[in-house]
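**Q** Chain by chain, the residues:
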Amino acid sequence: METKNIMIVGVGGQGSLLASKLLGRLLVDEGYDVKVSEVHGMSQRGGSVVTYVRYGEKVYSPIIEEGEADYIVSFEKIEAARWLSCLKKDGKIIVNTQQIDPMPVIIGAAQYPTDALDKIAEKGAFVDALDALSLAEEAGSSKAVNIVLMARLAKYFDISYDKWIEAIEKSVAPKFVELNKKAFELGYNY
Amino acid sequence: MKQLLIGNAAVARGLYEAGCNVISSYPGTPSTEITEFAAKYEEIYCEWAPNEKVACEVSFGASLQGARTACAMKHVGLNVAADPLFTLSYTGVNGGMVICVADDPGMHSSQNEQDSRHYAIGAKVPMLEPADSQESYDFAKKAFELSEKYDTPVLLRMCTRIAHSQSIVETGERNEVGVKKYEKNPAKYIMMPGNAKKRHPFVEERTALLTELAEDCEFNRIEYTDSKIGVITSGASYQYVKEALGDSVSVYKLGLVNPLPVKSVKEFASKMDKVYVIEELDGIIESHCRNIGLDVTGKELFSCIGEFSQKTIAEAMGKEAKKAYDLAMEIPMRPPMMCAGCPHRGMYYVLAKNKVTVLGDIGCYTLGAMPPLTALDSTLCMGASISGLHGFNMAGGEESEKKSVCVIGDSTFMHSGVTGLINIAYNGSNSTVIILDNSITGMTGHQQNPTTGYNIKGDPASKIDLETLCRSVGINRVTVVDPYDLKECERVLKEELSADEPSVIISRRPCVLLKYVKPKKPLVVNKDKCKSCKKCMSFGCPAISMHDGKAEIDKTLCVGCGVCSGLCPFGAIESEVQE
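Chains as they are written, first to last, in the working numbering: chain A, 1 to 190; chain B, 1 to 579.
Hints were generated in silico from the structure; no laboratory data involved. Check before you lean on any hint, since a few could be wrong.
Stated by the list, open to error - Okay, derived cross-link-like pairs now, BS3-like style, lysine-lysine, Cα gap no bigger than 25 angstroms in a straight line:
#1 B/K463 with B/K518
#2 A/K123 with B/K322
#3 B/K323 with A/K58
#4 A/K175 with B/K515
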């Protein structure tokens, strides 16, 4: 099979690490060759962050380039727009509608483009937008945004619900398993 | 066992399985996790040293004793450890020694883009370069055999994309090799001229032997597919080449990147119509090929600036670009910034307000350079703020001394700041040094250091008392301030700038991200009191923004530090949460 590409994008500190850990574990268990790549360090301090997840028979490059992503999972609204050029023409975007103002917007040097998602849709890209923050809060913690979004991604995957749950059980600390399972259920059935 | 590991964790596993006993390192992105993961193995003694030179020398001592040992650092850390490295090449080893060095093409988290292969060439030691986690593990393990067989320290070169990418690794069990016997051997280990003169020929012979090894070894391989185009490459570049060009080209993949093979490269090239050298950063393999008389194409197509990707390779090779969306829309940048509640921000606010010239250093606090504070004037390398300020003031005289300071973190001060402070005291510039003591090595992800009172395992350790240290080197004026108390910070700053002798201000408050720092309830803006003056915005806290003309506080980000509340002239920022 051709290598499949998933990008997880967001703002440093939003919890994309757990999302990629979960995904990586699941894909290895499914028997794929997998590469998960992200940058640690300075860019994590509230900056724009990206994680590349690639899987298939044999994966070479750890990163995803323009026009290559099958899925972009965005933890924040304009981050989806920032990375749109990486999406394949028939790729899908799953996006949390949360707005987090970057510093240039905070200090008034730039405007937050609130219509970013409409603009993406106008270009003909597939956009699945949801308020993952509210669903995560409903599950018990705003931190579960990552699991809600992974659940949304799972909808498009040929991997059973139970296997995702199993991967969650293996990826999170025991005391957070129930919360995350709830978050997954809410995201999946939204 | 099959596991998904980042390259750095795979290196740690390889070191562990090879029977490594002692690891000493200084944190630095993207190398930090090597030592963090290694510290999880009971069998290895691991430590954070104050800097890379110390780490490398600790590793030397462990090798001299007969243990397998390693140290890890980022590329610029090897500059600091270069002094022991160059002579370690002469002494060679007793127990095997591996020096892990991580380059950062693209400068994701670094101040320059230097290529550490130059060190392997300069110091005349072998360097291995893995291309994924499996190789990171394999090479780390085999590096010890290479080190002991050829009597040399071995450099293991990582780069950001290998160090921080997870891929599948098949791991094994630890081989307990024990500690070799130490025998006194002055001719080998005392590098004074008479002995060193005899060791230099050994180094040259060793390079000749290693070059022979390079011709046919397990680290290098050739993937023949076609005789039209041949590519010579290594590390992450290999992955991009395979991704972009697949089996349409033959590839000579180098894992031993110093010394480079001669005969086998010539032979490979002779079978190809055209040969490309594709390597990130400098054209080192390319120069080697030219030196041995080969006609290759390299840096004229593949830049020495920045990171590669499959796209850069495909474009340079004239392949059509992939179809991509073009949003044609301005997306505001989202640069990294100091966290909400960051203790550095208070001090920077005061420095910016007083229009002080600030020589900066390396750490989270380099972000003080960003708007709206834009408080920094320079950042060079670890420790350069203090020594630089001394030179700045010596050249600028009293006028400079009255309005210039330097800022340096606690870990950076321990790393190489204290020597600069000694210079200020000894050579007597009237400089004002600010130590931003957040009680942790922050930027690299919270590593302990000699000022925190804990070691790498989190166990209690000797704690350096910064005040006593500064006084003992000859600084009489040492003041501690809380950076959340802006008024006090400003008072002390003015006082110390006008003092007639050097002074140290310790701006002390732990990093808000530390587990033991419990956030307070988020603050709220009383919209009736807010007069839209934007004074709070000048503080540059990511939790505060303006919406519909009024300030607003993001309750998911605010940690309730309360500094903004003191800034508001109208008392509009209140501490009670209104339901």
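**Q** Taking only the CA atoms, is the gap from A/K175 to B/K515 under or equal to 25 angstroms?
**A** Given that 25 angstroms is the threshold and the Cα spacing comes to 18 angstroms, the pair holds.
**Q** Assess, step by step, whether the Cα of B/K463 is no farther than 25 angstroms from the Cα of B/K518, and give holds or violated.
**A** Measuring from Cα to Cα gives roughly 23 angstroms; hence the hint holds.
**Q** Hey, B/K323 versus A/K58, does the alpha-carbon distance stay inside 25 angstroms?
**A** holds (23 angstroms)
**Q** Quick one, are A/K123 and B/K322 close enough, alpha carbons at most 25 angstroms?
**A** Distance of about 17 angstroms is within 25 angstroms: holds.
Going down the numbered hints, you'll see the structure goes against none, and every one checks out.
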